[in-house]
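Given chain A, put chain B in place with the hints provided.
In order, the protein sequences belong to chains A and B.
Using the numbering used here, read the first sequence as starting at 140 and increasing by one per residue.
Using the numbering used here, read the second sequence as starting at 700 and increasing by one per residue.
Treat the hints as calculated values from the structure; they're not laboratory data.
For each residue, glycine too, the CB sits at the ideal point set by N, CA and C.
Some hints here could point you the wrong way.
Some chain A residues close to chain B (C-beta under 8 Å, calculated; not the full set) [what the hints assert, rightly or not]: (1) Arg151; (2) Gly219; (3) Leu291; (4) Pro455.
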Amino acid sequence: MISNTSYDTVCRQWRSKINESHDFQVIRNDSVFRAGFSGASVFDSEFRKASHLKTVYMNRYAGMAVEEVFDGRTKYTPDGECFEITTPTDIRISPPDPDLVRKRILEDLTLVRGIGPVTAIGLRKKGHRTIHDLVSHRRFRNGAKECITRVLEGKPDEIVSFIERRHSPSHPLSVLASGIYGCNSYLFLDLETMGFFSRPVILFGIAALEDHRVIVRQFLVRDMEEELPALELTLQNLREKPVVISYNGKAFDIPYLISRSAFYGGMMDRPRHHIDLLHASRRNAGHLLQDCRLGTIEKHLLGISRSSDLPGSMVPEFYETYLQTGNPGPLVPIVEHNQKDVTSLAKLLFLFLTGEQE
Amino acid sequence: MTIGDVVATFEHDPEYCRQTAYIETIPARDAIYRKLIKPLPFPLEAFLSSRGLSLYTHQCDAIESIRNRRDLILTTATASGKTLAFTLPIIEHLINDPSATALYLYPTKALSNDQLKTLQDIEKNTGVTLNPAIYDGDTPAGRRPLIRSGSRIILSNPYELHHILPWHHQWSGFFKNLAFVVIDEAHQYRGVFGSNMAFVIRRLRRICAHHGNDPLVVLSSATIANPEDFASRLAGKSVTCISSDGSPRGTKRFVLYNPFQDGDLSRATSRESGKILRMCMNNDMRMLCFSGSRKLTELITLRVRDDLIRKDNADPALVSAYRAGYLPEERRDIENRMKRGLLRGIVSTNALEVGIDVGCLDGVIMTGFPGTMMSIWQQAGRAGRTPAESVAILVANQDPLDQYFMNHPDRFFQSCHEHAIIDLNNPYILSGQVLCAAAELPVIPGTDDIFFGNDLTRVLSSLSGEHLLSVTRRGYIYSGSRRPVELASLGALSTITFRVICNGETLETMDQAQAFREAHEGAILYHQGEKFLVRVMDLNIHVIRVERTDVDYHTKPNRSVDVRIVSEEKNRMVGNSRLSYGEVSVTEHCTSYRVMRYDSILSIEPLTLPPVTFNTRALWFVASPETCTAIEHGGLDLAGGLHGAEHALIAVMPFHVMCDRRDIGGFSSPAFPGSGEPTVLIYDGYPGGIGLAESAFTNFEEVVTMTTGLVRDCRCEEGCPSCIYSPKCGNDNQPLDKQASVLLLESLHESGSKRTQYPPPRGACSISGEGN
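Isolated chain A, as found in the complex:
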């Protein structure tokens, strides 16, 4: 018979083993030359700033309950409850008009069977600016007509898969094509987790568009018991919207949801249409930047600079502090960080769709 104290001692050792080692690497002296390519690294100054931030927030919110800190409400599901925080943000750009998008799609001559990039240049020189101009072209007449019918009369799903057959899913035109769905169809998604896979999700951030506003809804896991209800609510939202927009979601957020679903014995299908803005951003600006983290892209493309933001890789540590102390302070920067991330997704998408900035 092993004594209870013996198990406690052993489990304390597990805890200190975790505390001793981070999942990320702290880079001394902020040397960019030491920064790996994995992205799981934090500069020394960021690390110290964030640690300071944690103390500040913990002092500020000591003794308060989560419900007092955040303006939210408890959501009830058959699997239990979780906490929903809703934040509307005005954005001063208008989502694209689907008809305009169709028009812009038809400017791409290479959609017509038999026209490659080189032929397209030649045709354009001869004055064929859109596919409409090819309707009387001797050779491409049939192809052009077929294309026009597909783009003008097809359902959004059909148009998108038609374009994705010609181009890769991260091609600007594929991104543009998602504009056909109309702004009610988007679901922006960003997860905050305890690490890279096989650990819980602690905050599910989703957003939808209403008029000129981005409505961010966050399902916060106040206690691990709330992960499953929060997951269910997120999946429900995902099922309702045809287009998922994420940043690195093809490699991270969606597989993560699938694996958490499987963890609880469920099944989740991949979304029908998924635009991963990481790939689009990389095409757009990757060659100019030292990395393609969302923060870097934001700064470059949207001109947004986050002053007191939490590095994403430190989220697990902040959350663990909350779990161990019950002090909701460390949750505040996590929730804010996630809110900004989700909102940026909407801004980035519109930038790619319309070329306009806020």
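This is chain B only, laid out in the frame that chain A set:
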């Protein structure tokens, strides 16, 4: 020349016969075949007849057992067709159920490569589509999804499986239809590694159960004393053993050769081993010579080459060293040269012991007892794999077990005593594995007790106390921030571990206590037979930096051990003493170390290491007042007697409880702290214990009988390295009293049986004299 001539040399040649301790003839055995009542499906029968193969009885037993869905362990001899025995019925099942899959686990990558070829060969010749494939750390990411979805037999290893399990949703098709888990070379899963493996298998079975599936577990192993118990612990369900061997065997002559028979301690085992190798080669034998380390392998090869040139005027290329990591082509080349007689001797480390087939050998020489009887038979089994006569020669070291076998050959050839140990109660292993499981599927107390034992609830509550797990409606889920499979390593206990680094490359990891003993600054560390000098030991980041060295000295720590008994869990009487088992707290403190050349101390250097304390399990006994009186009246030293008995028990324990001498520690005192009683205590050298002391507690009579024989029958007067001296004693083998040790050990026998069980040693003369 024949085997008989070589044996005659050992019997009559004055240069050898005086050192020949014993020669055993293991008789030949004919093959026993049987026909299956229900034949195998056509492609398999056709495959067998195209190869001219008939089934041995044990193969039929295995096939019928698998057909009846009975979990089993096969323990027949090396080269008795074990792989075929379980693969045939597995393929039969895969033919009948087109969705079924099988997972083959091997302890090393090299073994899975060899087995893949076998499976591909069967696939090609039977036309059954299996797409066998290896899935391990070397498998490119691009091929992985295809293997998961398309292969019906996947070969992998425990480390990979440990990392795959959290991704089980990607494997749901494979696990849902998993009909067989094959665990080959199962005897390698013992101790810490084996105990972890037992839980990895349970985690796999739990995930299969989640998919409504319960795969059959099929194991194969070398001969051990407790196959059914061991396999059942490893698999987590009751397993039956198939051990009656139907394969043929040639006559084997087994020579026990003792260079120290006449008390001449100036001889070196490796030199004698080389001499015998050359003698056999000159007799036209094709020989394989095993040695303990890479260094020795090279030394023996060099010496034999030298002598071949100088003394025999022969081609030095007749002998070759064989090192681990040879490519298959190189292996084939060695094998071909052996077949054509261009090569007559191979000197190898233990790399050739497992699985890999050189074939066509006439004999095997073993340089020193390789640590386990299991290794003895695996190594001896390398020769005579075709039913021809063969010879095996064990050249003894000066060590206690070597010398014991030389003096008690009957024990050497008796049935197996080695218990392979798996401990399901070590709190480090159990809690680490529960953490991993809770990241795969929620862990439900009660329901999941069948996998993790009755302590599960307490482990769960301790882990959630540290917020590593959280309670949810679905069960306990992992809520830490590190990947648990990275926290819980399979090979070591997850306490504080030190990494030994040479030129940026990690050589090994060791726990704190071991690191302080063997890898303090200035220590000479041995790793796979090579010497390293420890330059830096960083106590903050747990890193030890070493460099290769060729110095001629070695180091030994001076160490004080302190033991406190935490709780006595069980006890019983042995002889007139009380034998106990329970939890103890051990504090080891390395205060200085000795720099030594051979047996002389060059200097003593101070160390400033903090003491290490850990809780573990131990057995202990108290010398009875009568025994103490007897020792006193004989003018003997009680402390020396206790100390000697402790050393001898530790030396003998590995013969009963499969482990390394390094895995157990001892403590003895004429006035034990707390009780003040004369006590000998033997503990597991691992935090939390790993089942060694517990198994020795159960089999104590066996252990003590053999220990008594070892000490009493040793030729020395006052104790020597072959009986009560310990190479790792922290007190420089002081004090020791051999006579007192014998009295003490004899008092532990059941009364009346102490002198009758085993005869006094047989001299070599009586054997070599037989022919005169």
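Those earlier numbered hints the structure runs against, lowest number first: 3
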